[in-house]
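Chain order of the listed sequences is R and X.
For the first sequence, this note's numbering assigns the number 1 to the initial residue and increments by one for each residue that follows.
For the second sequence, this note's numbering assigns the number 1001 to the initial residue and increments by one for each residue that follows.
To be clear, the hints were calculated from the coordinates, so they are not data collected in a lab.
Keep in mind it's a predicted model, so treat the numbers as computed, not measured.
Incorrect hints may appear among the rest.
[Unchecked claim] Listed next, with one range per pair, are the computed distances between beta-carbon atoms:
1) X/S1339 / R/G292: 32 to 40 angstroms
2) R/R49 / X/I1646: 38 to 46 angstroms
3) R/Y116 / X/P1003: 45 to 53 angstroms
4) R/Q184 / X/P1515: 57 to 65 angstroms
5) X/I1642 / R/P144: 33 to 41 angstroms
6) R/Y116 / X/E1033: 37 to 45 angstroms
7) R/D36 / X/L1580: 46 to 54 angstroms
8) R/K218 / X/S1017: 52 to 60 angstroms
9) R/P130 / X/K1077: 55 to 63 angstroms
Idealized CB from N, CA, C, for every residue including glycine.
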Amino acid sequence: MARLKAAFCWCASCGGCEEAVIDLGEDLFSIAETLDVVFWPLAMDFKLRDVERLGDGEIAVSLINGGIRTSEHEHVARLLRKKSRYVVAFGTCAHIGGVPGLANFLLRDEIFEQIYQRSPSVPKKDRNEPSALTRVAQGTLSLPEFSPSLRTLGQVIPVDFSIPGCAPPPELVLEGIERILSAQPPERGAVLAPDTALCNSCARNATRPVGATIRDIKRVHEVLFDPERCFLDQGIICLGPATRDGCGQRCINANMPCRGCFGPPGREVDQGARFLSGLASIIDAGEDDMVGLIDAIVDPAGMFYYYSLPSSLLRGKRRARGSTHRR
Amino acid sequence: MKPRVALYLCSCGENVSERISFADLADRLASLEEVASLRIHSLLCSEEGRAFLSRDLERDKPDRVVIAACTPREHEKTFRNVLEKSGLNPYLFQMVNLREQVAWVIEDKDDALALAERYIRAAVKRVALHDALERQEISCNTNVVVIGAGVAGMAAALVLARAGREVTLVEQNPFIGGKVVLYDKVFPTMECSSCMLEPMMDEILHHGHIEVVTCGRIREVAGFIGNFTVRIETDARFVDREKCVGCGECIGKCPVTTKNAFDCHLSDRKAIDFPFQGALPNMPFIDREQCLRFRGRDCTICRDACRFDAIDYSASDAVLERNAGGVVVATGFEVWDPSPLAEFGYGRVPDVYTSLEFERILSPNGPSGGKLVTNKGDEPKSLAIVHCVGSRSPMLHNYCSGVCCRYAGKFARLVRERLPDANVYDICADWCVPGKENHSFPDSARASRKFSVVRTTLPMDVKITRVKKGIRLSCKEVSGARRVVVVDMVVLCPAMIPSKTSGKLAEILLIPCNPSGFFAEGHAIVDSVSSPREGIFLAGCASGPKDIRSSIEQGAAAAAKLLSILQPGKRLELNAMTALVDPALCSGCRVCVGLCPYGAIIFEGSRGRALANAALCEGCGTCAAGCPSGAIAQKHFTSDQIAAEIEEVLR
Chain R
1 MARLKAAFCW
11 CASCGGCEEA
21 VIDLGEDLFS
31 IAETLDVVFW
41 PLAMDFKLRD
51 VERLGDGEIA
61 VSLINGGIRT
71 SEHEHVARLL
81 RKKSRYVVAF
91 GTCAHIGGVP
101 GLANFLLRDE
111 IFEQIYQRSP
121 SVPKKDRNEP
131 SALTRVAQGT
141 LSLPEFSPSL
151 RTLGQVIPVD
161 FSIPGCAPPP
171 ELVLEGIERI
181 LSAQPPERGA
191 VLAPDTALCN
201 SCARNATRPV
211 GATIRDIKRV
221 HEVLFDPERC
231 FLDQGIICLG
241 PATRDGCGQR
251 CINANMPCRG
261 CFGPPGREVD
271 QGARFLSGLA
281 SIIDAGEDDM
291 VGLIDAIVDP
301 AGMFYYYSLP
311 SSLLRGKRRA
321 RGSTHRR
Chain X
1001 MKPRVALYLC
1011 SCGENVSERI
1021 SFADLADRLA
1031 SLEEVASLRI
1041 HSLLCSEEGR
1051 AFLSRDLERD
1061 KPDRVVIAAC
1071 TPREHEKTFR
1081 NVLEKSGLNP
1091 YLFQMVNLRE
1101 QVAWVIEDKD
1111 DALALAERYI
1121 RAAVKRVALH
1131 DALERQEISC
1141 NTNVVVIGAG
1151 VAGMAAALVL
1161 ARAGREVTLV
1171 EQNPFIGGKV
1181 VLYDKVFPTM
1191 ECSSCMLEPM
1201 MDEILHHGHI
1211 EVVTCGRIRE
1221 VAGFIGNFTV
1231 RIETDARFVD
1241 REKCVGCGEC
1251 IGKCPVTTKN
1261 AFDCHLSDRK
1271 AIDFPFQGAL
1281 PNMPFIDREQ
1291 CLRFRGRDCT
1301 ICRDACRFDA
1311 IDYSASDAVL
1321 ERNAGGVVVA
1331 TGFEVWDPSP
1341 LAEFGYGRVP
1351 DVYTSLEFER
1361 ILSPNGPSGG
1371 KLVTNKGDEP
1381 KSLAIVHCVG
1391 SRSPMLHNYC
1401 SGVCCRYAGK
1411 FARLVRERLP
1421 DANVYDICAD
1431 WCVPGKENHS
1441 FPDSARASRK
1451 FSVVRTTLPM
1461 DVKITRVKKG
1471 IRLSCKEVSG
1481 ARRVVVVDMV
1491 VLCPAMIPSK
1501 TSGKLAEILL
1511 IPCNPSGFFA
1521 EGHAIVDSVS
1531 SPREGIFLAG
1541 CASGPKDIRS
1551 SIEQGAAAAA
1561 KLLSILQPGK
1571 RLELNAMTAL
1581 VDPALCSGCR
1591 VCVGLCPYGA
1601 IIFEGSRGRA
1611 LANAALCEGC
1621 GTCAAGCPSG
1631 AIAQKHFTSD
1641 QIAAEIEEVL
1651 R
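Construct all of the structure, not just a fragment, from the sequences and the given hints.
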């Protein structure tokens, strides 16, 4: 029997998701028994033209990690979409944007200016910005175009399933692949992790008293926290209540609060706004004290949208209507 | 499948149509794929317009309806009714506010057109996600619990009882009549206060539909409009109401004498006594703090004296449970105690009284039998009345109680009647005497040579000290100079403040208080006898200082509101736009528990899930907004619906 074809690919990501695949360890062998990998830039020597030669829908499943930031990412994503029965947004960045998505707090021009003009490590004579086409004596060099913002995979192509996590835990990956390839795959669009928030499985949940109890907010390095008590009750920002369950409590068990890498639970769209609204509901402060308390949160936007800015309602910074290009 | 949306543009009057070109608007919207039909009408809310809309809907049977017209505040209900009559679910409808949000605020016509287009596009996207909500109905109990038997509570109880409702009137004191029954005379009519209340109190005590519970406290008000369960704690009086005839034989023989709190501690009482002479119900009660029997001694003097076997030492405190459809809160007020501020001399200088104490001194059933005398028993030759004590002061009570100037005028007149030679100094910043009858007070006072007004600054800057010749009162006049008068008696008019129990009661009733501590009204102007919790109404000084007449009017108004809601056989329609917790999404974090102002959110410990009670839910959305997991949907305002709307507006 012909084995099912699979593809792995990375876009704007750190490589951790590739590591998550390797982390499957011996289970990789059992996967390899059912799946024939036809594309995996990190590990195997296939070229894009090999993919192009495949028939439409011939790949059973493509697992794509990373957000979409360049024209190349977009091209590969569209190609894999065409050639695959199922496309999986694999890991936080493909799912909701991830850490590279924080760049959406800046416009493309501002990023280039910072990196290629103002950065002290760039000598004056080398202050060139990358452009898609560069003429040199020997001919024309090309680079992928840098998009105006980072988009999630689902904002560029239709995505069948998402496996969340930075990086996705091996159990979730294995179970997800099995479910996708089973006789009854999950509903299209499904996030292959529980719908509830992290508090549902958190052993510390019961320790948080009901009502508004937060009197001040601390950063993780400012206190020794109680390893059994709810982080929020200790004044530590923990995104658990606004984050999908399924990570196996990796951070919580290491006595660190949740940063939200699994994205919002259920059908929720805006993790940051959700969390902020919930946090405001349990802060015990009058209007005057509230300001000081909020000031204690350094970089609130970055904290509440750590992983989810591109998929949130905010999406990112936009050029004001009618404003012209810089310079 | 895309829904078929019927879109109506109502061009309204010139205030809208002059700013927005409806022909251009229709052109821009014609291409929307969801819109199955688009019609412009000049006045959709008119009778002709509603008939047009109804005919249209019955013929075309669209899935959804969007009407861009004036404002939902004015006509959302109108159009929902048309939809319902035309066989459409009234919630599959969205109204766009073209008046306040576009025509009235956008000068430029092109901008107005563009904005109107955005709002309508957003409404079309939103309405596609609307659910067909169903309104539930519940049966209702028509009984009412009235808390507080002062004038407001009594007025409410009488209106309700006369209409055949069963009323439980709960009073924390051993007598009914509130503060007013303690007064001698009332303004503006100068009639005897207890004579004025007598018929009312008599009807209350003998009405077959009114149960009077004295010495009672509200412990719990569970449930919701139409279906409240009220638990009332009552302290035993140790005197059987059925047997006691109020002869008073038991009192004279009681060996314990103490100060009478119901007479502002100005007179003595026995451990078994009436609260004051003439108090109703006409029966004494035993003060168990003072009674020897309750302090371990084997005294039975009062029981032995009673010829009717009415005294029962074994009577016990009880908890009553009453089912009711509505509650009236008429808990009245207290007079602020000025003793913390030494400059008022209260509690430090003899013969410095609060207005309530002065009422008792003037009253024929008061400590001096109605004789206006100092604590030494002499008639005062001069007297000062100080207005605004603790009122209109940012540090104390930043409001005007609104009645003090009028009762100060009453006091001045009563003093003049009883001691025509006494000099009266009126220490005030100004006189607040609204109402068609009240100007006679300052007018007649000023006509008297014995009456002088000393105008001071605000907040009241007075210093009251004891001197050899009497009481020295020094105050700062408006001119800036200090004025000193020496008098024999001072009457302070302190701020009216919420009754002592109101804070705790607010927690029990789950209704908020405003910053001054009085219960917050549903709406300060148009709905002043409603509380924010449905089925709970406010009357009299519970919601802020008022005069007697307004309190009685409010009691009757609250009763009338309840009569219009709680009708025998009528079922109550519940709000359809309630919160709904999805147990599959709830993570049990309990952020929502405690947010609900109506007590509608319950946490089910066994399942580890929150639950919203639809009958209690007012649909305010606080829990839905607060839920960090997005597990609570506020029906008709779901995240999807709001996001679709925002996305389209910002596109």
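Structure-based check of all given hints:
1. Between X/S1339 and R/G292 the CB atoms are about 36 angstroms apart, so this pair conforms to the stated range of 32 to 40 angstroms.
2. Distance hint for R/R49 and X/I1646: a CB-CB separation of about 43 angstroms, consistent with the stated range 38 to 46 angstroms.
3. At about 49 angstroms, the beta-carbon gap between R/Y116 and X/P1003 stays in the expected band of 45 to 53 angstroms.
4. The hinted range of 57 to 65 angstroms is satisfied by R/Q184 and X/P1515, whose Cβ atoms lie roughly 60 angstroms apart.
5. Between X/I1642 and R/P144 the beta carbons are some 37 angstroms apart, a value that agrees with the proposed interval 33 to 41 angstroms.
6. Range check, R/Y116 to X/E1033: Cβ separation about 44 angstroms, and the 37 to 45 angstroms hint holds.
7. Between R/D36 and X/L1580 the CB atoms are about 47 angstroms apart, so this pair conforms to the stated range of 46 to 54 angstroms.
8. Between R/K218 and X/S1017 the beta carbon distance is about 58 angstroms. The supplied range of 52 to 60 angstroms therefore holds.
9. At about 60 angstroms, the CB distance of R/P130 to X/K1077 agrees with the hint of 55 to 63 angstroms.
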